[in-house]
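Undergrad: Sequence:
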Amino acid sequence: MSYQLLKLIHILSATLMIGTGLGSAFYLFFTYKKAKASTVKDVLSLVVIADSIFTLPSVIVQLITGIFLSNLMSLLYTKWFWLVIIASVIVLFLWLIAVVIQYKLKRLLEEKEEITAQFHGLMKKWYYLGIFSFSGSIFLYYLMVYKPFL
Numbered sequence: 503m504s505y506q507l508l509k510l511i512h513i514l515s516a517t518l519m520i521g522t523g524l525g526s527a528f529y530l531f532f533t534y535k536k537a538k539a540s541t542v543k544d545v546l547s548l549v550v551i552a553d554s555i556f557t558l559p560s561v562i563v564q565l566i567t568g569i570f571l572s573n574l575m576s577l578l579y580t581k582w583f584w585l586v587i588i589a590s591v592i593v594l595f596l597w598l599i600a601v602v603i604q605y606k607l608k609r610l611l612e613e614k615e616e617i618t619a620q621f622h623g624l625m626k627k628w629y630y631l632g633i634f635s636f637s638g639s640i641f642l643y644y645l646m647v648y649k650p651f652l
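All you need for the numbering used here is the position in the sequence shown, starting with 1, plus 502.
Derived from the structure by calculation, the hints contain no laboratory data.
Certain hints may be false.
Stated by the list, open to error - What follows is a set of in silico ranges between Cβ atoms, one per label pair, in the way DEER data are often shown:
#1 Glu613 / Tyr644: 26 to 34 Å
#2 Tyr579 / Tyr644: 14 to 22 Å
#3 Val591 / Leu508: 18 to 26 Å
To be verified - Calculated pairs, DSSO-like style, for lysine-lysine (alpha carbon to alpha carbon, straight line, at most 27 Å):
#4 Lys535 / Lys627
#5 Lys509 / Lys581
#6 Lys535 / Lys626
#7 Lys649 / Lys581
#8 Lys536 / Lys627
#9 Lys538 / Lys626
#10 Lys608 / Lys627
#11 Lys509 / Lys606
#12 Lys538 / Lys608
#13 Lys649 / Lys535
#14 Lys543 / Lys608
#15 Lys627 / Lys614
#16 Lys614 / Lys543
#17 Lys538 / Lys614
#18 Lys626 / Lys536
#19 Lys626 / Lys608
#20 Lys543 / Lys627
#21 Lys626 / Lys606
#22 Lys606 / Lys627
#23 Lys538 / Lys606
#24 Lys543 / Lys626
#25 Lys536 / Lys608
#26 Lys535 / Lys581
#27 Lys608 / Lys509
#28 Lys614 / Lys626
#29 Lys614 / Lys509
#30 Lys538 / Lys649
#31 Lys536 / Lys606
#32 Lys649 / Lys536
Idealized CB from N, CA, C, for every residue including glycine.
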């Protein structure tokens, strides 16, 4: 596969990953703040689906294309490469925790049919995880574009 095609796939998957994540978070958060439990449950179900069909595959594509691009550019095992890997693992870890919370939130709404104190607490954790994982994603964009430390 050519460098240009690989780079295009990498950029598109990064865009899909951050766009889906930000869009899903926006709709879930504002639905939670303004709507009744049944509407939040519906939006939460869509967020879980979006993470499954858009975010997860784009994360996988990011990892694969990033390693191939790094190899093509002779950047494997450089300080920059390890920083990208460490930041990616941190963002992935935060995202996985958020996904687990989304499933817990969904299950709570299916069981109780109302927004409980436990639900509020989980939403607060989900919200702050989102802030840190989104910030980490922006940092990864910075590393991808500017390639500091090279």
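Undergrad: Under the criterion that the straight-line Cα-Cα distance not exceed 27 Å, is the pair Lys626, Lys608 satisfied?
TA: With Cα atoms ~15 Å apart, Lys626 and Lys608 stay inside 27 Å; holds.
Undergrad: Within 27 Å, alpha carbon to alpha carbon, are Lys538 and Lys626?
TA: holds (17 Å)
Undergrad: Is it true that the CA of Lys614 sits at most 27 Å from the CA of Lys626?
TA: Between Lys614 and Lys626 the Cα gap is close to 19 Å, so the pair holds against 27 Å.
Undergrad: Can the restraint linking Lys536 and Lys608 be considered satisfied, given a maximum Cα separation of 27 Å?
TA: holds (17 Å)
Undergrad: Straight-line Cα separation of Lys626 and Lys536 no greater than 27 Å?
TA: OK: Lys626 and Lys536 at ~15 Å, within 27 Å.
Undergrad: Can you confirm whether the C-alpha distance between Lys543 and Lys608 stays at or below 27 Å?
TA: OK: Lys543 and Lys608 at ~6 Å, within 27 Å.
Undergrad: Regarding Glu613 and Tyr644, is the given constraint of 26 to 34 Å on their beta-carbon distance met?
TA: violated (42 Å)
Undergrad: Is the gap between the beta carbons of Tyr579 and Tyr644 within 14 to 22 Å?
TA: holds (21 Å)
Undergrad: For the pair supplied as a hint, Lys509 and Lys606, confirm whether the alpha-carbon distance does not exceed 27 Å.
TA: Measuring from Cα to Cα gives roughly 36 Å; hence the hint is violated.
Undergrad: Does Lys627 lie within 27 Å of Lys536 when you go C-alpha to C-alpha?
TA: holds (18 Å)
Undergrad: Do the alpha carbons of Lys538 and Lys614 lie within 27 Å of each other, as the hint requires?
TA: holds (13 Å)
Undergrad: CA of Lys649 to CA of Lys535, is that 27 Å or under?
TA: Measuring from Cα to Cα gives roughly 39 Å; hence the hint is violated.
The structure does not agree with the numbered hints 1, 11, 13, 26, 27, 29, 30, 32 stated previously, though it agrees with the rest.
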